[in-house]
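**Student:** Top to bottom, those sequences are chains L and E.
The first sequence: position 52 = 52 (the UniProt record's numbering), numbered continuously.
The second sequence: position 265 = 265 (the UniProt record's numbering), numbered continuously.
None of these hints come from the bench; they were simulated from the model.
No experiment lies behind these values; they were computed from the predicted model shown.
Take these hints with a grain of salt, some might be off.
One copy or two, either will do: identical chains are not told apart, so a pair holds if it fits within one copy or between any two.
[To be verified] Straight-line alpha carbon distances no greater than 20 Å define the calculated SDA-like cross-link-like pairs of lysine to any residue that follow:
1. Lys267 with Leu224
2. Lys267 with Gly58
3. Lys81 with Glu173
4. Lys267 with Pro200
5. Lys267 with Arg100
6. Lys267 with Glu223
7. Lys267 with Asp61
8. Lys81 with Asp108
9. Lys81 with Arg212
Number of protein chains: 2
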Amino acid sequence: MIVESRRVVVIGTGLIGTSVALALRGRGDEVWLADRDAASVRMAAELGAGVPLPENAGPADIAVLAVPPAAVAATLLDAQKRDLARVYTDVASVKSRPLREAAELGCDLTCFVAGHPLAGRERSGPAAARADLFLGRPWALCPTPETTGPALDAVTALAESCGAQTVVVGADEHDRAVALVSHGPHVAAAAVAARLEAAPEVALGLAGQGIRDVTRIAGSDPELWIGILSSNAAPVADVIDAVAADLADTAAALREGGETAVTELLKRGGAGRRRLPGKHGDRAGTYAVVPVLIPDRPGELALLFQAAGVAGVNIEDVTIEHSPGRPVGVVEVSVMPAAAQRLADELRARGWSVPG
Amino acid sequence: MIVESRRVVVIGTGLIGTSVALALRGRGDEVWLADRDAASVRMAAELGAGVPLPENAGPADIAVLAVPPAAVAATLLDAQKRDLARVYTDVASVKSRPLREAAELGCDLTCFVAGHPLAGRERSGPAAARADLFLGRPWALCPTPETTGPALDAVTALAESCGAQTVVVGADEHDRAVALVSHGPHVAAAAVAARLEAAPEVALGLAGQGIRDVTRIAGSDPELWIGILSSNAAPVADVIDAVAADLADTAAALREGGETAVTELLKRGGAGRRRLPGKHGDRAGTYAVVPVLIPDRPGELALLFQAAGVAGVNIEDVTIEHSPGRPVGVVEVSVMPAAAQRLADELRARGWSVPG
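Pulled out of the complex, with its shape left as it was, chain L reads as follows (with noise of 0.2 Å):
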């Protein structure tokens, strides 16, 4: 959908309230900023995400409330009240309970609809903002019937631009979902990384890439998941107690020798994985990885980034795998996936390792 140049007001300058004010910034939308905390504004106004929200501002079309999923329905009365805009929808990752308090305290649900980008990072605040965090995302709508046409369409295009794709659905049907595909599977991640949380030195120099897949969202911020788990409590509880029912079955199967339960499990786990529509989880997908083994000495890697100039290659992200002790790491290069040859082709050329 084709949209004029907006007026938007973000509500929340982290992680997902700073992204969506840049992707809306990057096709020329007017973004005011707006957060508890006038550091993270600042923050969020300096990487280029709009502007402080001015004293006495006309309402604007849309408000982004970017807030825990408690804070969603007390911030939208203040915003309904102040008339800060014609247009409200939210992202938090909870969508019955903030709607349910939003009723009860008597907001306008006529121009408000709940959403939900499906997309996060494992660290927070406005510096880990990424405009592309959207890009070929899920992004849900939970229309209410009070939602009216205009409203519903408003937000559809407001997602659109941040280049997600909406997929309406009903609140309940909504929250049974994440706590199926993300809210459920957080807490697990959690509970395999709490193991590690005594394990000798030497299981942890034994950790290959599968405990860091398994583990990587464990490392997000615990006040805001435990605020998203408290707000879907029920549906979330249904699914891990259904994980630890099959652990436990495993377990004792283990014990005793058996091997049918755990062939079970593992055929059900590969079917359900199967089922997870798309690639197998190419986060960076937009960009192709070079790979390039690097001694462990200060000054390569700067050395690296000069190559990178000199071949005119712009690096979109570089992850170093490096243990310490280790005189080699691995180093994994995003770059847009018409550069990747002559990047490697540069490395190469000055004697760097670039494997495949």
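Following the hints, position chain E against chain L.
**Tutor:** Same frame as chain L, but now just chain E:
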């Protein structure tokens, strides 16, 4: 360690065996290939992994037994009866039981070094093999009291030729360690993925990166994994029992509306997660993070690393938060805590914006 070109027999031309063969061929070793499945040997040979094991070949320098844990002892006995090599190693994910079985079968353990490269993929078979599979990965070696020094040296050199970092560890300690960082997490990933088997389409449509990461390893070959888990049953059962207990307690706390137990698990998960060495773990753990706002221009990053060099600061890890079209990016530089202030001062002195 520098070694002359070797003659190596690889028994078992699956993912790991063929990857070892490709890595060794890449440095000029002569590699002989054997497998129960002649088609698998042919494919590995076509991929450049070596040549089929000749009839009545003289003993090779090393034989790599790339067979499932349950087959290691019998394969070792057979290989030693045929005098296939002077030194033997395996790559199975479990060490204690195969070693016990080898001793019971009367294998010669003086020239055997049990080994385990901590690398793998969801795909199996020779077609999935990669010469760089072991680059920068840990490779556990479990010599027994009988193992000779020269045998350990030879297998250490072989692992290093594949680009791996060797870790010498006792077999029992190894098995408890991999139950914690690999086998237990694998079962947990399968249990989470199993929830998706009966998930409604709308839930699958809302799946984001988190569930994909948590369940990635659940896509692995069940036949291979049932063998691994059965061979390491007790340590794995201990781990997944503990995970199941944490999940059941958390579910109960959620149903009772108590946040304390949930918060505790999330915090323990974060603490465990931060203990993982390398790119995922150290950011908030061992190292201090210095965030820097930098213009999105080629060459700026090189200047950043030059500044670190001038300040005498060794950069341990770096993450670049850059969005297409954004005027500035945020670079998070991980350094030893003692060096963080020095780096921040140097960067500010050079006109960089260092928040906080």
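**Student:** Taking the hints in turn, state whether each one holds.
**Tutor:** Hints and how they fare:
1. Lys267 with Leu224: between (34 Å within a copy, 12 Å between copies)
2. Lys267 with Gly58: neither (58 Å within a copy, 43 Å between copies)
3. Lys81 with Glu173: neither (30 Å within a copy, 63 Å between copies)
4. Lys267 with Pro200: between (31 Å within a copy, 19 Å between copies)
5. Lys267 with Arg100: neither (40 Å within a copy, 29 Å between copies)
6. Lys267 with Glu223: between (35 Å within a copy, 9 Å between copies)
7. Lys267 with Asp61: neither (50 Å within a copy, 40 Å between copies)
8. Lys81 with Asp108: Result: close within a single copy only, 10 Å intra versus 83 Å inter.
9. Lys81 with Arg212: neither (46 Å within a copy, 41 Å between copies)
Hints 2, 3, 5, 7 and 9 from the list above are not met by this structure, while the remaining hints are.
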